[in-house]
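K.L.:
Residue-level listing of the chains:
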Amino acid sequence: MDTVDIARWQFGITTVYHFLFVPLSIGLVALVAGMQTAWVRTGKTEYLRATKFWGKLFLINFAMGIVTGIVQEFQFGMNWSAYSRFVGDVFGAPLAIEGLLAFFFESTFLGLWIFGWDRLPKKIHLACIWMVSFGTILSAFFILAANSWMQNPVGYRIDEASGRAELTDFWAVLTNPMHLTAFPHTIAASFVTAGMFVAGVSAWHLMRRKNVEVFRPSLRMALVVTAVASIAVAISGDMLGKVVTEHQPMKMAAAEGLYETQTGAPFSPFSVRTPDGTEEIVGFEVPGVLSFLATGSFDGEVKGMDDLQAAAEAEHGAGDYTPNVPVVYWTFRMMVYIGMATAGLSLLGLWLTRRGRLPGNPWAWRIGMLSLTLPFIASSAGWVFTEMGRQPWSVYGLMQTSQSVSPGVSAGSMLISLGALTTLYAVLFVIEFKLLAKYAKAGPPTEDEVAPPSEDDGDDDHDEERALAFAY
Amino acid sequence: MDLTTAWFLIIAFLWIGYFFLEGFDFGVGMLLPVLGRDDVRRRVVINTIGPVWDGNEVWFIVAGASMFAAFPEWYATLFSGFYLPLLLILLALIVRGVAFEYRGKRDDARWRARWDRAIFWGSVLPAFLWGVAFANIVRGVPLDADHEYAGTLLDLLNPYALLGGLTTLTLFVLHGAVFIALKTTGNVRLHARSVARVAAVAALVVAGSFLLVTQTQYGKSWTWLAVAGVAAGLAGAAAANARGREGWAFIGTGTAVVLAFVTLFGSLFPDVMPSTTTAANSLTTQNAASSAYTLEIMTWVALVFTPIVMIYQGWTYWVFRKRIGTAQIPAAKAAKSGKTGRPGEPATRKSPIG
Numbered sequence: 001m002d003t004v005d006i007a008r009w010q011f012g013i014t015t016v017y018h019f020l021f022v023p024l025s026i027g028l029v030a031l032v033a034g035m036q037t038a039w040v041r042t043g044k045t046e047y048l049r050a051t052k053f054w055g056k057l058f059l060i061n062f063a064m065g066i067v068t069g070i071v072q073e074f075q076f077g078m079n080w081s082a083y084s085r086f087v088g089d090v091f092g093a094p095l096a097i098e099g100l101l102a103f104f105f106e107s108t109f110l111g112l113w114i115f116g117w118d119r120l121p122k123k124i125h126l127a128c129i130w131m132v133s134f135g136t137i138l139s140a141f142f143i144l145a146a147n148s149w150m151q152n153p154v155g156y157r158i159d160e161a162s163g164r165a166e167l168t169d170f171w172a173v174l175t176n177p178m179h180l181t182a183f184p185h186t187i188a189a190s191f192v193t194a195g196m197f198v199a200g201v202s203a204w205h206l207m208r209r210k211n212v213e214v215f216r217p218s219l220r221m222a223l224v225v226t227a228v229a230s231i232a233v234a235i236s237g238d239m240l241g242k243v244v245t246e247h248q249p250m251k252m253a254a255a256e257g258l259y260e261t262q263t264g265a266p267f268s269p270f271s272v273r274t275p276d277g278t279e280e281i282v283g284f285e286v287p288g289v290l291s292f293l294a295t296g297s298f299d300g301e302v303k304g305m306d307d308l309q310a311a312a313e314a315e316h317g318a319g320d321y322t323p324n325v326p327v328v329y330w331t332f333r334m335m336v337y338i339g340m341a342t343a344g345l346s347l348l349g350l351w352l353t354r355r356g357r358l359p360g361n362p363w364a365w366r367i368g369m370l371s372l373t374l375p376f377i378a379s380s381a382g383w384v385f386t387e388m389g390r391q392p393w394s395v396y397g398l399m400q401t402s403q404s405v406s407p408g409v410s411a412g413s414m415l416i417s418l419g420a421l422t423t424l425y426a427v428l429f430v431i432e433f434k435l436l437a438k439y440a441k442a443g444p445p446t447e448d449e450v451a452p453p454s455e456d457d458g459d460d461d462h463d464e465e466r467a468l469a470f471a472y
Numbered sequence: 001m002d003l004t005t006a007w008f009l010i011i012a013f014l015w016i017g018y019f020f021l022e023g024f025d026f027g028v029g030m031l032l033p034v035l036g037r038d039d040v041r042r043r044v045v046i047n048t049i050g051p052v053w054d055g056n057e058v059w060f061i062v063a064g065a066s067m068f069a070a071f072p073e074w075y076a077t078l079f080s081g082f083y084l085p086l087l088l089i090l091l092a093l094i095v096r097g098v099a100f101e102y103r104g105k106r107d108d109a110r111w112r113a114r115w116d117r118a119i120f121w122g123s124v125l126p127a128f129l130w131g132v133a134f135a136n137i138v139r140g141v142p143l144d145a146d147h148e149y150a151g152t153l154l155d156l157l158n159p160y161a162l163l164g165g166l167t168t169l170t171l172f173v174l175h176g177a178v179f180i181a182l183k184t185t186g187n188v189r190l191h192a193r194s195v196a197r198v199a200a201v202a203a204l205v206v207a208g209s210f211l212l213v214t215q216t217q218y219g220k221s222w223t224w225l226a227v228a229g230v231a232a233g234l235a236g237a238a239a240a241n242a243r244g245r246e247g248w249a250f251i252g253t254g255t256a257v258v259l260a261f262v263t264l265f266g267s268l269f270p271d272v273m274p275s276t277t278t279a280a281n282s283l284t285t286q287n288a289a290s291s292a293y294t295l296e297i298m299t300w301v302a303l304v305f306t307p308i309v310m311i312y313q314g315w316t317y318w319v320f321r322k323r324i325g326t327a328q329i330p331a332a333k334a335a336k337s338g339k340t341g342r343p344g345e346p347a348t349r350k351s352p353i354g
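Protein sequence lines correspond, in order, to chains A and B. So the first sequence is numbered by the UniProt record's numbering: it starts at 1 and just counts up by one. So the second sequence is numbered by the UniProt record's numbering: it starts at 1 and just counts up by one.
No lab work stands behind these hints: they were computed from the structure. We put the CB at the ideal spot given by N, CA and C, even for glycine. Just so you know, not all the hints are guaranteed correct.
Partial chain B-side listing against chain A, Cβ under 10 Å, derived [said to hold, decoys possible]: (1) W53; (2) A76; (3) L78; (4) L86.
Make the full structure from the sequences, and use the hints.
P.N.:
Laid out in C-alpha cells, this is it:
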C-alpha cells in the first residue's frame, strides 16, 4: 500500500468511527434536555429519573465523540499536508470557527451541567444542557460547511502565483446549496439515531415491565421524535439528492449504477452486476423514478457514468473519474432503505403504544431493541457513500485525493499511526459498548436516589462537609 | 498592526492559554500516583479539575484549527513534520479523556487502577512532548523548498528539545501541585504543598537552564524581561507556597508558564518555522499566512468571541471555586448489577443531600 491508500484507510476508519458517536450525542443531548425541561416544569420525579438515566448514557457516549474528534482535526495536517496547504485559506476558517464558537460552548457548559446539579439554580442548570445541545448543532453546522465545500467548492478563486485556493466569499461557503441540504439531513438523522436508541433501550425495560413510569414516557417521546425526524430525513435527503445530481452528477450516476445517459431514467431498488459492473445478473427497475428523484420530472435527463467519464477526461485529462460503483450503489441503498424502515417502525411503535397500551408480544419489543442498530448502519453508510462517491477528488473538480497526501511522511509512519489508532479504537469500542450496556441495563436511579436537591441557590457555605452532587 | 502579526499574537495567545490551563491539568494527572494515597484521595485529586479539564483542552483544538485557518503552511509543515510525537500526544489525550469519564463507572479496583495509569501517562506524554515540539519550533528544523519537513524523528530528539520537554514537564508538575493545594483541604492540600516545594526547585533549575540557552541562542533583547519574569514567578511561587498562600503561589506558577511561552514565541517571531537547511526555506508570518480576506473574517470572529469564551469559562471557575476534600467525595455510584455490592446491601447509597 502506498501512503495515499494508508491515509485513506485511516481517514475512513477514524471518520466512520467518530461518526458512530456524534449523531447519538447530538440527538440524545436534546432529548435529555427535553426530559429535564419536563421535570423542571412539572416537578414529576420520573422525569428527573429519566434525565439522570439518559444523561449518564449520553455522557459515556459523548466522551468518545470528543476524544475521537481530536484526531479528525489533526489528521488533515498530519496525513494530508498537501491538501491543507492548498485549501487552508478556505477550509481552515469554518474549522477554527467551529472550535471557537461550538467546542468551547459544548465542553464548558457540559462541565457545568455534570458537576453543577447542586451548585446552580435549577433553571440555570437546565439552561446549561440546552447550551450543550445548541453547541453540538452549531458544531455540526460549521463542520458540514467545511465538508460541503470539499463536495462543491464555492466562494473561492485559485491564486495564480501560489496555486492555492483563496477565499473570496465566506457567506457563499456558509450558504453552499450542498451545505444547506446536508446540514438539516445530518441533524435530522441524528435525531433518528437518538430516538431509536432511546426507544430500543426503553423496549428492553418495558418488555420486562421494569420502571414503566420512567420508560413509557421515554419511549413515547423517542418515537415521536423518530417519526418526525424520519420525515425530515426523507425530505432533506430528497433535496440533497437533487443538489448532488446537479453538482456531483458522477456520484448520483454511480449511486444508481446508471452507465448510459437516459431520459425517464428508472430507479433500481435492487441490482447485482458482473464484477466490471457492465452487465446486470439479477435486478429490477421502476421506470421514470430516478429522473423524478434527480430532477423533479419523470422524463428528465439523467447523465450516465460513461458520458460523465468522457466529459471529465476532456476537462481534466486522462484518468479514471468514476468512483467505486458497488460501494456507492449499496451504501446509498442501505441509507435509503434504513431511513424508510425507521420511519415505518416509529409509526408502528406509536400505534402499538397508543393510549396507555404496552404490547404483550415480546417480538414487538425485540424488534424495537434490534432496530437500535439501524441508524448507526445508515449514517455510516451515508458517510461512506458521500465520501467514496466524491473520489477521485478530495475537493470536487479541483484537487485529487492522490495529490492531497503529505509528501514528506513515510508509509511506515502512517502505518504505525493507522495501526495504533485502529487498535486503540477497537479496544475503546469494546469498553464503550460494555459500559453502555451495563448502564442501560442497570436502569434509572430510584425515587429515593434522586430526592430533589435542596432548594437553595448553591450558596452552601454553612455546610462545608456536604458531599458533592457529582464527582468522578 | 499587520494582520499576519495580529494572527501570530492570537495564536500565541491561544497556545499560551492552553498551557496555562491544561498545564495544571497535566500536573494534576502526573501527581495522581503521588498524592493519591488511597482511592478517595485520588478522587479528590481528579475532581479538582473534573468540571474544567475538557474546556481547557479545547484551547488546543482552537489553537490548532486557528493555525490551519491563519497559517495553513505552518499547520501543514508542523503536523506532518512532527508526525510521530503528535500521534503520541493524540493517543495520550484520547486515553486520558475517556479515563476521567470511565474510571468511576465500574466498582472494581483493578479497573480504576488501569484508568489511573491512563490518566498518568496521558498527562506525562503531552506535558513532555509539547515542550519537545515547541523547543524544536524555536530552534528550527530542516525544511525543503516546498516547506516540507526534511529531517527524521531523531532530528527532533536533540538535547535542546529534550531539555525543553523536561522544562514543560517540571513546570506543569509544579503548576499542578500548586493548583491542587489551592483547590483542596486537609491532607491532600498539605501533601500537595510539600510536593510543590520540591517541584519549585526542580523547575527553577530545569526551566532556568532551558530558558537561558533559549535566550542566548534565539532570544531578542526584550525577551530577557520574560525570562526574568519566569524566574520571579517561580521564586514567588516557592515563597508563597512555603507560607501557605496558595492563591499567590498559583499566580506565580501561572506567570512562569505564561512567560516561558512568551519567551519562546517572542524568540520565534517573525518566523513561525525556521529552517536549519537554508534560511530561504523558513516559514514566516508572511509566507505562511492565509489571504488578507480570510484573516480579516477570522479577526472579527476572534475579537468578538474570544472574550465571550473567556467570560463563561471564567464563570465556571467561579461556580466551582470551593475547595474539596475527602469528606465531600460522595460514595461511588457504579451501576446496579449482580456482580457488585454485597448481598442485602444496596449497590448505591442514598446521597446525603436532602
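K.L.:
Now look at each hint and say whether the structure bears it out.
P.N.:
Going through the hints against the structure:
1. W53: 8 Å, holds
2. A76: OK, holds: B/A76 within 10 Å of chain A, min 4 Å.
3. L78: 7 Å, holds
4. L86: 6 Å, holds
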